[in-house]
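Chain order of the listed sequences is A and B. If you read the first sequence in the numbering used here, its first letter stands for residue 43, the second for the next number, and so on. If you read the second sequence in the numbering used here, its first letter stands for residue 286, the second for the next number, and so on.
Take the hints with a grain of salt, since some may be wrong.
Here are the computed distance ranges between Cβ atoms for each label pair [as the list claims (entries may be wrong)]:
| id | chain 1 | residue 1 | chain 2 | residue 2 | range |
| --- | --- | --- | --- | --- | --- |
| 1 | B | R353 | A | G108 | 20 to 28 Å |
| 2 | B | K545 | A | E118 | 34 to 42 Å |
| 3 | A | A53 | B | Q541 | 28 to 36 Å |
| 4 | A | G108 | B | D368 | 53 to 61 Å |
Cross-link-like lysine-lysine pairs, in silico, DSSO-like; alpha carbons within 30 Å at most [to be verified]:
| id | chain 1 | residue 1 | chain 2 | residue 2 |
| --- | --- | --- | --- | --- |
| 5 | B | K545 | A | K133 |
| 6 | B | K357 | A | K125 |
| 7 | A | K119 | B | K455 |
| 8 | B | K455 | A | K192 |
| 9 | A | K123 | B | K455 |
| 10 | A | K127 | B | K360 |
| 11 | B | K516 | A | K101 |
| 12 | B | K357 | A | K123 |
| 13 | A | K125 | B | K360 |
| 14 | A | K125 | B | K359 |
| 15 | A | K127 | B | K359 |
| 16 | A | K192 | B | K516 |
| 17 | A | K192 | B | K430 |
| 18 | B | K357 | A | K133 |
| 19 | B | K430 | A | K133 |
| 20 | B | K455 | A | K185 |
| 21 | B | K357 | A | K101 |
| 22 | A | K113 | B | K359 |
| 23 | A | K113 | B | K360 |
| 24 | A | K101 | B | K360 |
| 25 | B | K360 | A | K123 |
| 26 | B | K455 | A | K125 |
| 27 | B | K359 | A | K123 |
| 28 | A | K101 | B | K545 |
| 29 | B | K360 | A | K150 |
| 30 | B | K357 | A | K127 |
| 31 | A | K113 | B | K455 |
| 32 | B | K357 | A | K113 |
| 33 | A | K101 | B | K455 |
Read the hints as simulated data drawn from the structure, not as lab findings. Virtual Cβ for every residue (Gly too), placed ideally from N, Cα, C.
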Amino acid sequence: MNRQANPKTRAGEATTTKTIFSRETSVSTTIFADAAIVWALLTHASDFPRWNSTVTSVKGEIREGGSIELKSTLDEKRTFKLKVKEFVPEKRLVWGDAMGSRTYTLNKGPENGVLFNMSEKIGGPLFPLFANSIPSFDESFEKFAADLKKEAETIQSSKK
Amino acid sequence: MTTDQLTVEFQTFQGELKSFLLRMTASVQDAEDIVQETYLKAHSKIDTFRGESSLKTWVFSIASNLARDLLKSKKRWPENVTDICKDAALGNKQFFQEAIHIRETSPQGNFEIKEHIAFCFTCVSKSLPLEGHLVLLLKEVYGFKVREISQILLLSDAMVKYHLHVSRNKMTEIFDQRCSLINKKGICYQCTELNGIFNPKQKAQEELLKIEMAREAENRSQDELFDLRMKILRELDPFESGAAELQLHHLEHNRQVMEKYLEENS
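Modelling step: build the complete structure from the supplied sequences, incorporating the hints.
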């Protein structure tokens with residue numbers, strides 16, 4: 043499913059919806075850069091910490107069937123071991139574990155831009171037991187989207 | 286285009302091609318082999334050259350593919366390659382004896398700091414991912430346009446821009462942390478240390494004033510200093526300069542040290 047930006051939310055602003063058994067956070071923004079540049083930034087694992095202030099390290103390969111070990115500023119002591127579940131170049135990337143999945147989609151946006159959406163759904167039967175111990179993703183999602191937009195647009199406008 | 290025309294035109298950029306391949310492979314032997322193989326391929330496929338790009342772009346495309354084929358199975362070098370190779374050189378009497386002999390006897394045995402800056406870049410840039418390394422050299426040292434690099438490497442313009450941006454950032458960051466010529470807190474002094482060995486009567490500070498990048502270190506941004514570093518590479522032919530034999534001897538030493546290091550650490 044390709045998520046589109048919710049017209050009621052502002053670009054770059056994260057929204058979270060909760061149910062008893064799940065929680066889903068998403069953010070959308072329009073990036074004025076070639077989709078290939080946005081895709082390259084999202085799929086070059088070792089380059090993430092250079093441009094993304096929410097990620098401290100990514101090891102492994104972000105490719106079809108690949109797996110990665112990701113450390114984020116949300117919980118620096120924890121290493122998330124994730125599998126790449128879907129990999130459609132310049133369109134859709136999904137990684138996750140048994141707890142949930144993070145989905146990135148790139149669609150045609152206004153004024154030749156790329157509409158970037160990132161969402162993460164976590165949940166399951168045991169979710170209510172640990173829901174309170176999982177920090178909010180909102181701020182981290184907003185930073186991620188802003189960093190991606192800034193870096194992609196910098197590369198796009200590079201005169202070098 | 287006829288094969289005779291190819292031969293004539295090939296000669297006009299053969300030196301640049303060989304220098305590009307040396308800076309990609311860090312091996313004189315590999316560079317020479319690929320130049321030869323490139324010419325043979327171009328010769329046999331000249332009827333497929335449609336003039337959609339310049340001949341030089343087309344030939345660099347053949348050479349880049351051959352270099353890719355050679356290098357894609359090899360590990361990239363670590364960022365601190367020069368530290369590792371320095372430690373190895375200090376324990377290798379023969380290396381210094383050979384170097385001193387070249388310095389004393391060869392017409393291409395001078396030691397110049399700017400030559401060592403170019404040599405250092407050749408070693409450190411081998412820590413970049415292969416595509417990024419190719420893009421960076423083609424754009425910043427050999428003056429190809431983004432569109433031409435797209436044709437050479439069969440990448441989109443966007444991907445060329447991506448690799449260029451990432452590679453420039455990476456190299457700028459590494460040299461800012463390491464190179465004492467541009468940052469007083471830099472941890473590497475090898476060029477001035479070697480100048481003291483090979484040119485004991487010279488004052489390194491006076492030599493550094495002749496190098497724009499070092500002279501301007503405090504007045505320019507990191508990005509501008511990187512451009513000045515690239516200018517040094519553009520102006521030097523690693524096979525023809527007055528320091529060529531000494532630097533190529535050093536490069537071969539580093540290549541051998543790296544091969545052993547990467548094998549032991551795989």
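Indices of hints not satisfied (ascending): Hints 3, 4, 5, 11, 29 contradicted; others consistent.
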